[in-house]
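> From first to last, the protein sequence lines stand for chains A and B. Oh and the first sequence: position 36 is 36 in my numbering, straight run, nothing missing. Oh and the second sequence: position 75 is 75 in my numbering, straight run, nothing missing.
Just so you know, the hints here were simulated from the structure itself, not pulled from any lab data. Please note: incorrect hints may appear among the correct ones.
The following label-pair restraints were derived from C-beta to C-beta distances [stated by the list, open to error]:
#1 B:Q140 x A:F97: 52 to 60 Å
#2 B:Y152 x A:V298: 14 to 22 Å
#3 B:E267 x A:I136: 34 to 42 Å
#4 B:S277 x A:I135: 33 to 41 Å
#5 B:Y152 x A:G118: 44 to 52 Å
#6 B:A318 x A:A16: 55 to 63 Å
#7 A:G118 x B:Q253: 51 to 59 Å
#8 B:E267 x A:E90: 53 to 61 Å
Stretches of chain A that chain B covers, calculated by requiring three or more beta carbons in the stretch to come under 8 Å of a beta carbon on chain B [unchecked claim]:
#9 208-220
#10 230-242
Stretch-level coverage of chain B by chain A, calculated; a stretch enters the list once three of its residues show a Cβ under 8 Å from a Cβ in chain A [stated by the list, open to error]:
#11 74-87
#12 180-194
#13 236-243
#14 249-258
#15 265-273
Note that this is a predicted model, so its numbers are computed, not measured. Glycine is no exception: its CB is placed at the ideal position from the N, C-alpha and C atoms.
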Amino acid sequence: MSQVNLAPTFSTQQDARPVLLSVQELRVWFELRRFGFGHAGYVHAVDGVSFDLAEGETIAIVGESGCGKSSLMKAILGLNKPTAGRILFEGQDINQFDAAKKRWYHSRVGYVQQDPFGALPPFMPVRRILEEPLIISGVKDKDERMERIRKGMEEVKLSPVEDFMEKYPHMLSGGQQQRVVIARAMIMEPKLLVADEPVSMLDASVRVEILKLLRALQERHNLSVIYITHDLSTVSYFSERIFVMYAGQLIEKAPVRGLIDRPAHPYTQALLTGTSEPDARNALTYKEIPPGEPPSLVKPPSGCRFHPRCTRIIKGECDVNEPLEFTIEDRHSVSCWLYKG
Amino acid sequence: MDNKQLLRVKDLKLYFRTRAGEVQAVDGVDFELNYNRAVVILGESGCGKTSLAKAILRLLPRNISQYSGSILLENRDVMTLNEEDFRRSVRWVQMSLVPQAAMNALNPVIRVGEQVAEPAIIHLGVSKQEAMEMAAKMFQHVGVPVDFLTRYPFELSGGMRQRVAIAMALVTSPNLIVLDEPTSALDVLTQANIFNVLKRLKKELGLSFILITHDIATSSELADEVAVMYAGQIIETADAEPFFTNPLHPYSQKLMASVPRLHEQKELDFIVGQPPSLINPPKGCRFAARCPFRFEKCAEEPPVFQKDGREVKCWLYA
Ligand SMILES: Nc1ncnc2c1ncn2[C@@H]1O[C@H](COP(=O)(O)OP(=O)(O)OP(=O)(O)O)[C@@H](O)[C@H]1O
Ligand SMILES: Nc1ncnc2c1ncn2[C@@H]1O[C@H](COP(=O)(O)OP(=O)(O)OP(=O)(O)O)[C@@H](O)[C@H]1O
Ligand code: SF4
Ligand SMILES: [Mg+2]
Ligand SMILES: [Mg+2]
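Make a model of the complete structure from these sequences and hints.
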């Protein structure tokens with residue numbers, strides 16, 4: 001069993017670590033085209049997102065399906081071009097990189113993509129899957145490649161290595177497949193790991209196994225991690241800070257305990273109410289959940305995007321003006337008019 | 001005979017024939033359910049949950065090699081009925097299924113109202129107009145606006161489609177609804193809303209539920225009782241309260257220890273290794289290879305032991 005402690009960790013101090021990644025006023029819009037009509041508007045998938053991530057820091061981005069989490073991640077990976085705003089890695093704009101610099105950037109950022117079962121090429125054995133990124137990045141020596149593959153497999157506990165080297169993905173369990181995905185993301189020894197719903201498809205027990213593994217890798221390599229999930233209950237085991245995303249925007253940012261113990265935004269409060277813990281008393285009560293569903297990102301609501309569902313709406317303000325970001329505690333900020341002071 | 005009892009499943013078996021051998025997906029399952037109660041069948045992927053649902057509703061694929069046991073539903077052993085009688089008087093009429101991923105299985109080219117009305121026409125023989133009225137009533141029960149009756153599935157969100165799937169199971173007014181992973185693919189708030197709906201149906205219509213899921217935390221939203229399934233067998237049954245506070249079987253204990261908590265800071269634990277293959281499963285306790293308490297006795301198959309009114313299939317409770 002793993003030695004890593006998975007009790008929640010969090011720091012309340014101001015961050016003194018150097019900034020690794022800086023996302024500034026980022027917008028990612030997708031053009032909508034209707035057959036015969038041409039342009040039909042934009043999907044505002046990411047709409048004004050800003051945050052800094054320090055070296056060795058772990059953050060979680062939490063939000064419901066379709067709120068723009070993957071679009072944000074893909075922009076950070078350089079797979080989505082920003083419509084506006086900038087993404088700086090070690091102070092350099094990733095969208096200004098030439099081909100060589102891009103290759104370098106891709107070796108600095110590891111990616112564990114959503115849907116582990118579709119993530120691995122079915123006709124390649126594990127060895128070949130892990131060798132590919134090494135070949136692409138120009139590791140010419142076969143022995144060196146094999147050495148790094150072995151080391152990578154041992155790190156994710158795919159051992160004995162010989163048993164797994166020549167296996168194809170379909171011969172592996174869900175948890176083992178996810179270990180291969182993680183090994184592939186780590187093989188270039190990145191500084192930043194982006195994990196998009198890495199455990200949501202897995203059974204409870206396997207989920208813990210993978211979270212512990214990610215945590216061990218993070219500590220051993222002082223990795224920065226962006227952990228994307230729709231499940232608030234797993235974040236406190238993995239992250240220092242949580243950002244809550246709603247309709248393309250980050251509406252609350254806080255250290256983990258601050259967010260879970262003192263959620264400020266009405267949407268964050270609803271998410272916490274909606275998240276169950278195994279307790280027989282749950283069956284005795286109804287949950288108070290805001291009515292309706294997340295809005296269309298093509299024509300997002302005016303003012304606060306949550307206002308059509310919000311029970312605490314300030315009429316004339318929330319439905320008209322977009323909320324500013326208010327800081328309510330050390331490192332805890334919220335975009336909601338209730339906190340304008 | 002206990003007249004509060006709605007369902008009693010005894011020694012139910014469903015085996016599949018495959019090229020690799022016989023898959024013992026449901027292997028001697030026993031449990032009971034009273035009127036207006038909900039039992040949760042909890043288990044991890046591949047343990048046989050969907051197969052159990054299919055065995056109860058007799059929705060069988062072709063490659064069956066064994067199907068046996070008894071299913072006492074309202075004092076009648078429905079296993080003894082022929083196919084025609086089962087179809088006419090049991091499935092839909094006494095119990096319905098909301099299948100796994102039902103919300104994605106709606107027919108894309110038929111309006112959802114008509115889809116919900118159809119079982120009433122087929123199984124109750126009512127007129128189309130009557131059936132549409134019944135469908136409208138069911139929409140209200142599950143919280144779908146009545147003007148959605150004329151919409152197509154693609155015009156509805158995932159949560160709304162899942163409600164429609166539940167309405168379809170309800171329209172023939174069965175006493176028992178079997179739900180196979182009804183909320184697994186849905187968001188937190190949508191899940192919470194669906195559970196509110198199920199709780200209300202239970203209270204207002206007096207329904208009983210078999211809820212099949214791998215999601216331990218949300219299962220507590222509906223559970224009166226819990227039955228834990230492992231490798232084709234039920235290894236523990238208990239009332240929800242004692243189960244969630246103090247599970248007995250080592251597998252249940254480990255499983256509960258893997259559930260993350262929001263407000264508690266406790267170390268999470270996981271179960272090393274994988275469940276056994278259902279083709280030639282181990283002779284003794286099926287959890288033995290992964291069990292921290294394993295001892296010599298575990299090489300033999302444990303019977304079900306009674307412990308404080310609960311049942312557990314583990315030698316530790318002999
Ligand atoms: N390439 C694209 N073209 C057009 N629309 C897109 C594209 N990619 C994403 N979208 C839309 O942008 C919105 C945000 O999608 P995104 O995948 O980022 O959400 P998500 O938060 O990752 O959701 P999930 O939890 O379901 O993975 C959605 O409405 C989606 O349909
Ligand atoms: N028709 C079939 N023929 C052969 N094997 C089958 C058939 N249906 C299911 N199985 C096998 O029976 C076992 C139990 O499957 P089942 O679908 O009941 O599991 P489950 O608990 O519902 O899993 P999940 O949580 O992934 O839905 C699996 O090993 C599965 O591959
Ligand atoms: S800004 Fe207004 S509408 Fe938006 S969450 Fe706050 S109170 Fe509710
Ligand atoms: Mg996504
Ligand atoms: Mg299933």
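> With a C-beta cutoff of 8 Å, work out whether three or more residues of the segment 180-194 of chain B approach chain A closely enough for the coverage to hold.
holds (count 7)
> Establish whether the coverage given for the segment 230-242 of chain A by chain B is satisfied; the threshold is a Cβ-Cβ distance below 8 Å, and no fewer than three residues must meet it.
Holds: 7 residues of the segment 230-242 of chain A have a Cβ under 8 Å from chain B.
> Using the beta carbons of Q140 (chain B) and F97 (chain A), state whether their distance is inside 52 to 60 Å or not.
With Cβ atoms ~57 Å apart, the hint holds.
> Using the beta carbons of E267 (chain B) and I136 (chain A), state whether their distance is inside 34 to 42 Å or not.
39 Å, holds
> Measuring from beta carbon to beta carbon, are Y152 (chain B) and G118 (chain A) in 44 to 52 Å?
Violated, since Y152 (chain B) and G118 (chain A) (Cβ atoms, about 27 Å apart) do not stay within the stated range.
> Quick one: see if chain A covers the segment 249-258 of chain B, three-plus residues with Cβ-Cβ under 8 Å.
Result for this restraint: holds, n = 4.
> The hint says 53 to 61 Å between E267 (chain B) and E90 (chain A); measuring C-beta to C-beta, is that right?
35 Å, violated
> Taking beta carbons only, do three or more residues of the segment 236-243 of chain B come closer than 8 Å to chain A?
Holds: 4 residues of the segment 236-243 of chain B have a Cβ under 8 Å from chain A.
> Taking beta carbons only, do three or more residues of the segment 265-273 of chain B come closer than 8 Å to chain A?
holds (count 8)
> Please check whether the segment 208-220 of chain A has three or more residues whose CB lies within less than 8 Å of a CB on chain B.
holds (count 4)
> Quick check on a hinted range of 51 to 59 Å for G118 (chain A) and Q253 (chain B), using CB atoms only.
34 Å, violated
> Please verify the coverage claim for the segment 74-87 of chain B: does it have three or more residues whose C-beta sits within 8 Å of some C-beta in chain A?
Violated, because only 0 residues of the segment 74-87 of chain B bring their Cβ atoms closer than 8 Å to Cβ atoms of chain A.
When each numbered hint is compared with the structure, violations occur for hints 5, 7, 8, 11.
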